[in-house]
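Protein sequence lines correspond, in order, to chains A and B. The working numbering puts the first residue of the first sequence at 239, with every later residue one more than the last. The working numbering puts the first residue of the second sequence at 129, with every later residue one more than the last.
Bear in mind the hints are in silico, worked out from the structure with no lab data behind them. A hint or two may mislead.
Stated by the list, open to error - With a straight-line Cα cutoff of 30 Å, these simulated BS3-like cross-link-like pairs (lysine-lysine) come out:
id, chain 1, residue 1, chain 2, residue 2
1, B, Lys-252, A, Lys-414
2, B, Lys-199, B, Lys-252
3, A, Lys-385, A, Lys-290
4, B, Lys-252, A, Lys-396
5, B, Lys-172, A, Lys-302
6, B, Lys-256, A, Lys-414
7, B, Lys-162, A, Lys-500
8, B, Lys-231, B, Lys-280
9, A, Lys-396, B, Lys-269
10, A, Lys-487, B, Lys-162
11, A, Lys-500, B, Lys-180
12, A, Lys-487, B, Lys-196
13, B, Lys-171, A, Lys-396
14, A, Lys-487, B, Lys-199
15, A, Lys-496, B, Lys-162
16, A, Lys-414, B, Lys-172
17, B, Lys-255, A, Lys-396
18, A, Lys-396, B, Lys-172
19, A, Lys-414, B, Lys-255
20, B, Lys-199, A, Lys-407
21, B, Lys-162, B, Lys-199
22, B, Lys-199, A, Lys-396
23, A, Lys-396, B, Lys-272
24, A, Lys-414, B, Lys-196
25, B, Lys-180, A, Lys-487
26, B, Lys-231, A, Lys-407
27, A, Lys-496, B, Lys-199
28, B, Lys-251, A, Lys-414
29, A, Lys-487, B, Lys-231
Source: prediction; values computed, not measured.
So you can see what is in the structure, the chains are spelled out below.
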Amino acid sequence: MTDSEKLVKLKQLLLNEDRDFALQILQKLESVEKTLNEEELLSEKVNPIIDKKIETFADEIPSKLGPTITEALKIQIRDSQDQVVEALFPIIGKMIKKYIQQEMKNLSESINSQVQSTFSIKKWKRKFKSFFTGVSEESIILSEMAKPNVEQVFIIEKGSGLLIANVSKSQENIDKDMIAGMLTAIKSFVEDAFTKEEQSLELIQYELYNIYIQNMSSYYVAAVISGSFNTEFKDELEDKILDFASKHKKEKLVEDSKVTNKLIESLFND
Amino acid sequence: MINSKKVVLVGHFGVGKTSIIRRFVDDVFTDDYKVTIGVHILKKEIEVNGQKLTFVIWDLEGKDDVEKVRKSHLIGTSGFMYVIDPTRSSTYVNIESEIAYLKSNYPSAQLLTIANKVDLIDKKEFKKQINYPIDFFTSAKTSKNVEEIFNKLGLNFLNNI
Ligand SMILES: Nc1nc2c(ncn2[C@@H]2O[C@H](COP(=O)(O)OP(=O)(O)OP(=O)(O)O)[C@@H](O)[C@H]2O)c(=O)[nH]1
Ligand SMILES: [Mg+2]
């Protein structure tokens with residue numbers, strides 16, 4: 239091999255290496271360029287890193303940011319109660335409306351079944367009534383259903399709150415003696431706390447019931463009423479109770495429970 | 129005739145009124161203290177000398193002065209139990225005037241003075257510290273004398289009609 243040959247060989251070797259190297263770099267560059275330019279490929283590479291970051295970040299939120307956020311929310315809610323109420327109101331309103339709609343549906347279904355299934359004198363009476371008054375049959379049933387009804391009557395000694403007599407339409411396992419005591423305590427509490435002069439508690443609304451209270455000199459009568467309590471009904475009841483009271487002194491009520499129970503029963507309508 | 133009787137427990141906060149009643153009515157006791165607010169009414173039927181009696185028991189909230197108790201809670205009462213806590217002298221320093229008040233305003237009612245939490249004290253030592261007659265030493269925790277105080281009231285009712 240001549241010197242020049244050697245030189246060529248050397249050059250070749252060196253250059254080849256250079257070329258290979260350059261080629262490699264070029265390839266790398268190309269792939270980087272490709273990765274960078276093509277979003278899909280880039281995200282393939284970058285996403286896991288970001289995901290990881292986000293993951294740790296999310297993990298740390300409760301401990302790092304939690305208290306701050308809660309505090310901020312608290313303040314926000316406190317300072318803008320009106321807005322919060324405003325925001326919640328429609329939601330709650332909708333829930334209530336939905337509930338009422340459902341209840342109305344149930345009610346109308348039960349009315350319909352009543353209208354359809356009953357083949358009774360009552361039905362014909364209703365039909366006549368409906369025909370002559372122009373009020374729909376359903377409305378008549380509705381008002382019949384909501385009619386106030388005395389469900390239970392307590393005669394309670396004033397002061398001690400001891401039960402003198404009690405008559406109930408249905409069998410319940412509530413303790414009448416304790417109810418009488420609690421009613422007396424509530425009554426006296428309300429009378430002490432909220433009324434000036436000689437006023438007295440007359441009506442307690444409890445869930446679906448109204449508890450009507452009428453005072454006599456040494457005892458009071460509490461009538462538990464279902465349905466819609468109205469003035470007409472109240473007047474009627476008041477008269478009945480007054481009539482009842484004028485006939486019987488407390489002693490008599492205490493002594494003769496048979497008489498008492500008969501009389502209480504006269505307060506029940508229908 | 130109603131043979132129900134209104135029985136009222138009065139006394140300072142935390143002397144054990146509720147605990148005595150719970151022991152008597154449900155036969156239970158707990159160490160935790162739940163303050164009574166307003167009034168709580170419970171009932172138990174007992175038999176004294178073969179006679180049935182219904183106790184409607186008013187568990188009142190504690191008051192350090194019996195004159196501050198709502199009058200409507202006291203009227204119509206057949207039997208009072210005035211309860212003190214012998215481990216706290218503040219609950220009995222005024223016992224004499226407190227009892228005098230009850231006796232003068234509700235002369236027809238029976239009244240028992242009761243020192244509760246007897247499981248926590250040395251009775252002899254305690255008697256040196258108080259110069260007012262205590263009718264019963266009870267413990268709602270161990271049940272000591274709890275039945276007895278209600279029976280005693282029942283007996284008093286029967287003998288006094
Ligand atoms: N060791 C002991 N602790 C008692 C006894 N009776 C009541 N306690 C405790 O004393 C505390 C108060 O008892 P309550 O029965 O709630 O007292 P109270 O008189 O009803 O209190 P107020 O309703 O606030 O007036 C409770 O922690 C009871 O566990 C007792 O006989 N022995
Ligand atoms: Mg209590």
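Cross-check of the supplied hints:
{"no.": "1", "hint": "Lys-252/B - Lys-414/A", "in the structure": "44 Å, violated"}
{"no.": "2", "hint": "Lys-199/B - Lys-252/B", "in the structure": "36 Å, violated"}
{"no.": "3", "hint": "Lys-385/A - Lys-290/A", "in the structure": "68 Å, violated"}
{"no.": "4", "hint": "Lys-252/B - Lys-396/A", "in the structure": "43 Å, violated"}
{"no.": "5", "hint": "Lys-172/B - Lys-302/A", "in the structure": "58 Å, violated"}
{"no.": "6", "hint": "Lys-256/B - Lys-414/A", "in the structure": "45 Å, violated"}
{"no.": "7", "hint": "Lys-162/B - Lys-500/A", "in the structure": "44 Å, violated"}
{"no.": "8", "hint": "Lys-231/B - Lys-280/B", "in the structure": "18 Å, holds"}
{"no.": "9", "hint": "Lys-396/A - Lys-269/B", "in the structure": "35 Å, violated"}
{"no.": "10", "hint": "Lys-487/A - Lys-162/B", "in the structure": "42 Å, violated"}
{"no.": "11", "hint": "Lys-500/A - Lys-180/B", "in the structure": "25 Å, holds"}
{"no.": "12", "hint": "Lys-487/A - Lys-196/B", "in the structure": "33 Å, violated"}
{"no.": "13", "hint": "Lys-171/B - Lys-396/A", "in the structure": "18 Å, holds"}
{"no.": "14", "hint": "Lys-487/A - Lys-199/B", "in the structure": "25 Å, holds"}
{"no.": "15", "hint": "Lys-496/A - Lys-162/B", "in the structure": "43 Å, violated"}
{"no.": "16", "hint": "Lys-414/A - Lys-172/B", "in the structure": "12 Å, holds"}
{"no.": "17", "hint": "Lys-255/B - Lys-396/A", "in the structure": "40 Å, violated"}
{"no.": "18", "hint": "Lys-396/A - Lys-172/B", "in the structure": "21 Å, holds"}
{"no.": "19", "hint": "Lys-414/A - Lys-255/B", "in the structure": "42 Å, violated"}
{"no.": "20", "hint": "Lys-199/B - Lys-407/A", "in the structure": "34 Å, violated"}
{"no.": "21", "hint": "Lys-162/B - Lys-199/B", "in the structure": "24 Å, holds"}
{"no.": "22", "hint": "Lys-199/B - Lys-396/A", "in the structure": "13 Å, holds"}
{"no.": "23", "hint": "Lys-396/A - Lys-272/B", "in the structure": "34 Å, violated"}
{"no.": "24", "hint": "Lys-414/A - Lys-196/B", "in the structure": "29 Å, holds"}
{"no.": "25", "hint": "Lys-180/B - Lys-487/A", "in the structure": "25 Å, holds"}
{"no.": "26", "hint": "Lys-231/B - Lys-407/A", "in the structure": "42 Å, violated"}
{"no.": "27", "hint": "Lys-496/A - Lys-199/B", "in the structure": "33 Å, violated"}
{"no.": "28", "hint": "Lys-251/B - Lys-414/A", "in the structure": "41 Å, violated"}
{"no.": "29", "hint": "Lys-487/A - Lys-231/B", "in the structure": "29 Å, holds"}
When held up to the earlier numbered hints, the structure conflicts with 1, 2, 3, 4, 5, 6, 7, 9, 10, 12, 15, 17, 19, 20, 23, 26, 27 and 28 and fits the remainder.
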